[in-house]
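Peer 1: Take the given structure of chain A and dock chain B to it, following the hints.
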Amino acid sequence: MTHAIEGWFAVDADGVFLLGTRCTACGTVCFPPRPGFCPNPRCEGEEMEVTRLPRRGRVWSYTNACYPPPAPFVTAEPYEPVTLAAVELDGAGIVVLGQVAGLTVDQLEVGMELELTSGPLADGPLVWMWRRAA
Amino acid sequence: MTERSEGTHRHSRVVVLGTGMHPWGKWGRSFLEYGVVAAREALHDARIAWTDVQYVVGADTIRNGYPGFVAGASYAQALGWTGARIASCYAACASGAQALDIARTRILAGLCDVALVVGADSTPKGFFKPVGGDRPDDPDWLRFRLLGATNPAYFGLYARRRMALYGSTPDDFAAVKVKNARAGSLNPMARYRKPVTAEEVLASPMVADPLRLMDICATSDGGAAVVLASEAYARRRGVRDLVFLSAVSTVTPTFPNTVLELPNFATDSCAAVPAPERPFRAAIAHAAYEEAGVGPEDLSLAEVYDLSTALELDWMEDLGLCPPGEADKLLREGDTALGGRLPVNPSGGLASFGEAIPAQAIAQLCELTTQLRGRAGARQVPSPRAALAANQGLFGHGSALITTR
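Top line first, the protein sequences correspond to chains A and B.
In terms of the numbering used here, the first sequence is residues 1 to 134.
In terms of the numbering used here, the second sequence is residues 1 to 405.
Hints listed in this document are in silico derivations from the structure and should not be mistaken for laboratory results.
Predicted model only: the values in this text are computed from it and were never measured.
Don't take each hint at face value.
Ranges of calculated distance between the beta carbons of each label pair, as one might list FRET restraints [as the list claims (entries may be wrong)]:
#, chain 1, residue 1, chain 2, residue 2, range
1, A, R52, B, L165, 26 to 32 Å
2, A, M112, B, I62, 34 to 40 Å
3, B, K125, A, R34, 32 to 38 Å
4, B, G325, A, M112, 20 to 26 Å
5, B, L111, A, A133, 55 to 61 Å
6, A, P120, B, G167, 33 to 39 Å
7, B, P279, A, E46, 25 to 31 Å
Where chain B lies over chain A, by a calculated footprint (3+ residues, C-beta under 8 Å) [unchecked claim]:
#, region
8, 9-17
9, 26-40
10, 73-84
11, 90-101
12, 104-113
C-beta atoms are modelled at their ideal positions from N, C-alpha and C, and glycine is treated no differently.
For reference, chain A alone in the conformation it holds in the complex:
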C-alpha cells in the first residue's frame, strides 16, 4: 500500500515502526529522519544511520481537530474529528506527534501508554498512527 510519505515509517510482519536517524558519534536520535549532519551543536558527526524507533510510549499531550483541517489535508465525508497525540517514545527522549486511531480525546490521558500502528488518510495512502497499547 502506498505510504503518504516515503522513508518516515515502515510496515512489516513485526508491526509499524517510525524510521529515525541516529548519529554514530553521539547517539542523538532524530525524527523525521535527518541525513547529513548531526543536529547536536557539540557533535561533528556526519554519519546518520537509519534506525527503527521504539514502537511504544506515553502520551505527552493530546487534542483533536473539531473543524476540518484545510488542504492539503483531505477530509473524509462526513467529517469525523481527527484525534492527535504527542507521544514520548520509550527510552528515546523524543516526543512524536501523530493521528490516533480508534480513540477520542475523552478516552485519552496524559501518561497513558500508546503504540504505533498505521492507517489510511481519507484519499488512501498510509500514515503512521497511535493506538491503545496492546
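Peer 2: Frame of chain A, contents of chain B only:
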C-alpha cells in the same frame, strides 16, 4: 531598576520616537494600505517627515505575494522613494521583532539616527494554511497533509499538557479571555471591543480540545509602525519623557528543544544530550532581561503572546512573573488584570486584536510605549517604568522586547 547588570548599551540608547497603528479587523483591503496608514501615524507622532527617515524596515507577510515578500520596498515606494537605506525581513510571528532589531542595531552601530519600522497583514478567513502548491519538502505543508495539525492543534496540546501538569481548568482559560476582552474593550485599535463572560467562552464551539473558539486568537488584518531614533537625535529635537527600547531578544532554542513547536512533527531527542536548564520560551525572556539590565520584578506590565488563553498562562511562568504552575493563581487573584499588581496584555492582547503576523510584535511595542508615555487612556497602568513584550516566531525565532523610561 535592579542592579543585576549594566545592560548592554548603557551609553548609546535607542528611543521609541513615535508609534502608529491601523485599527485591526477584517477590512478586506491591501496590507500595504494598513502599513502606510500606520507609518504615517508613527511619523506624525514622532513629529518628523518621511523624508527625514534614513532607514526603513518592512516586516514581511508571505500571504500577500511579491509585495509582501519585499515589504520594506513596498512601503518605501508607497510613501514615496527617498533614497533611504532599506531592509525586509521574515521570521514568522517574530518578523516585527526582527525588523525592530535590525533598525535598533543599525542605530546603535551609529550608521543612522532615525529609522521607520512597519508591519502589516491582510489575512484570509479561517485557519492559517501553508503556502500553496505541492510542497512535500516543507514541514509546514507536511504537517497539514499527514496529520491535519493546524496551529490551534498545537495550542490544544500545550493546554492539555498544562491541565495535566498544573491542574489548570477550562474555567481558568476562560478567565484569561474575560480579562483580555475587558482590556480590549478600552482600546480603539482592537478588533474585538465587546466584553465577554466566562459562560460565553465556555459555550463557544470546541476547536482543538480543550480550547474553544473564544480561547483561540483569530486571524486579522492590521498594521503597526514605530519610529526609532538615537537618544542624541531625540534630545536634539527637544523630546523629553523618552521611552527606550532597551532590549530585543532574538535567541534560538538551545539543543535539544524538548517542547513540541510548530510546525514540527517531533521534539529534539534528549537521549544523548540532556535538555537545557532553560527551555526556549524562558530563554527568550532571559536574554531580554540580561540585555536590558532589568528583571521580572521591575516590570509594570507585560504584553504576552496569547495565541490561546492557556498559552498566556504558560508565558507568564516562562517570563518569570511567577513560578511554574502558579500563573492561574495570579490570574484568579486579579493580579494580571487592569488595576492589578502586574497587568498582562493591557492592550487586550491577541485575544482582542487577532493575529496580523508581521504587525503584532510592533503593535506590542506601540502598547508598551503608549503605556510608558502615560497615554493609554482608560487602560493606563499607573506610573509604569519598565515593560516587556513576548511574541515567539515559529521555527526557532525568539522575540521579546523590553522598554524602559
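Peer 1: Hint says 34 to 40 Å; check whether the CB-CB distance for M112(A) and I62(B) agrees.
Peer 2: At roughly 38 Å between Cβ atoms, I62(B) and M112(A) fall inside 34 to 40 Å, so the hint holds.
Peer 1: Is 33 to 39 Å right for how far apart the beta carbons of P120(A) and G167(B) are?
Peer 2: holds (38 Å)
Peer 1: Using a Cβ cutoff of 8 Å, are there at least 3 residues of the region 90-101 of chain A near chain B, or does the coverage claim fail?
Peer 2: holds (count 9)
Peer 1: Is 32 to 38 Å a correct range for the gap between the Cβ atoms of K125(B) and R34(A)?
Peer 2: Since the Cβ atoms of K125(B) and R34(A) sit about 36 Å apart, the hinted range of 32 to 38 Å holds.
Peer 1: Hint says 55 to 61 Å; check whether the CB-CB distance for L111(B) and A133(A) agrees.
Peer 2: Hint holds: Cβ distance 60 Å, inside 55 to 61 Å.
Peer 1: Does the region 73-84 of chain A contain three or more residues whose Cβ lies closer than 8 Å to a Cβ of chain B?
Peer 2: Held - the region 73-84 of chain A has 4 residues with a Cβ nearer than 8 Å to chain B, which meets the minimum of three.
Peer 1: Mind checking the hinted window 25 to 31 Å against the Cβ distance between P279(B) and E46(A)?
Peer 2: holds (28 Å)
Peer 1: Using the Cβ atoms, figure out if R52(A) sits within 26 to 32 Å of L165(B).
Peer 2: holds (30 Å)
Peer 1: Report holds or violated for chain B covering the region 9-17 of chain A, Cβ cut-off 8 Å, minimum 3 residues.
Peer 2: The restraint on the region 9-17 of chain A is violated, since only 0 of its residues have a Cβ under 8 Å from chain B and three are required.
Peer 1: So is the region 26-40 of chain A in contact with chain B by the C-beta rule, three or more residues under 8 Å, or is the coverage claim wrong?
Peer 2: This one holds; 9 residues, not fewer than the three required, reach chain B with a Cβ under 8 Å.
Peer 1: Can the suggested window of 20 to 26 Å be confirmed for the beta-carbon pair G325(B) and M112(A)?
Peer 2: Roughly 22 Å apart at Cβ, these two residues keep to the hinted range, so it holds.
Peer 1: If you count the residues of the region 104-113 of chain A with a beta-carbon closer than 8 Å to a beta-carbon of chain B, do you get 3 or more?
Peer 2: holds (count 4)
The structure fails to meet hint 8 from the earlier list, while all remaining hints are met.
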